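Asks: Residue strings, one per chain:
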Amino acid sequence: KAGVTQTPRYLIKTRGQQVTLSCSPISGHRSVSWYQQTPGQGLQFLFEYFSETQRNKGNFPGRFSGRQFSNSRSEMNVSTLELGDSALYLCASSLGHGISSPLHFGNGTRLTVT
Amino acid sequence: SQQGEEDPQALSIQEGENATMNCSYKTSINNLQWYRQNSGRGLVHLILIRSNEREKHSGRLRVTLDTSKKSSSLLITASRAADTASYFCATDGATNKLIFGTGTLLAVQP
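From first to last, the protein sequence lines are chains A and B. Residues in the first sequence are numbered consecutively from 41, following this note's numbering. Residues in the second sequence are numbered consecutively from 20, following this note's numbering.
Derived from the structure by calculation, the hints contain no laboratory data. Keep in mind the model is a prediction, meaning the values are calculated, not measured. Please note that the accuracy of each hint is not assured.
[What the hints assert, rightly or not] Sample of chain A residues at the chain B side, in silico, Cβ under 7 Å:
#, residue
1, P79
2, G80
3, L83
4, N96
5, P142
6, G146
[Claimed, not checked] Derived CB-CB ranges, DEER-like:
#, chain 1, residue 1, chain 2, residue 2, range
7, A, S62, B, D85, 32 to 42 Å
8, A, R103, B, A97, 43 to 53 Å
9, B, N37, A, F109, 39 to 49 Å
From the three backbone atoms N, C-alpha and C, an ideal C-beta is built for every residue, glycine too.
Work out the full structure: start from the sequences and follow the hints.
Replies: Written out as structure tokens, the structure is:
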């Protein structure tokens, strides 16, 4: 079974631009969670989607948004990029709700904002 | 904000030795999970232990949970160089979100 696939692997953007990150979950997994990882803040929860509905949201500004499609694939969008948005963005899928089922992570998208 | 805090922040041992990492958390939980992350890659799930369980084993891994002390420990026995990674605990708490701790960086010297 293929693992979680995140694209692109690396991304360099300029302040003020917007970016869309993509995540394809493991086949059969209906829950997708997104995390931001930085050296200073560690792993921060962004949001979780289940069956195309946002189930939960972290403490991030409205510039961070996401969605999930009917095939469970998910996208995350960040608008008006700031330097502090530079991070590793990790997507994870699970069979059930992410808090009670093991998460399967992709290798992430490394975003650099200059 | 982090729900869990791992201790120590960094640990360096020799191959063949045992490694113990601890996780303390703040609110009551339904379950606690441990993950491993190799440098620059995604996290890999190791073990999930439920609040009504006290100990769980998986291969060379042993996880204990003490809900009265709000703490958990991960023991890796007979460590190998390939165990070099960061280890995170994650809890659900009262937020209905899976929140990760700050991590322990384990270095196993060959």
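Asks: None of the hints should be skipped; say for each whether it holds.
Replies: Evaluation of the provided hints:
1. P79: violated, 11 Å
2. G80: violated, 11 Å
3. L83: holds, 4 Å
4. N96: holds, 5 Å
5. P142: Because about 4 Å separates P142 (chain A) from the closest Cβ in chain B, which is inside the 7 Å limit, the hint holds.
6. G146: holds, 5 Å
7. A:S62 / B:D85: 32 to 42 Å: holds, 41 Å
8. A:R103 / B:A97: 43 to 53 Å: Given about 47 Å between the Cβ atoms, the range holds.
9. B:N37 / A:F109: 39 to 49 Å: holds, 45 Å
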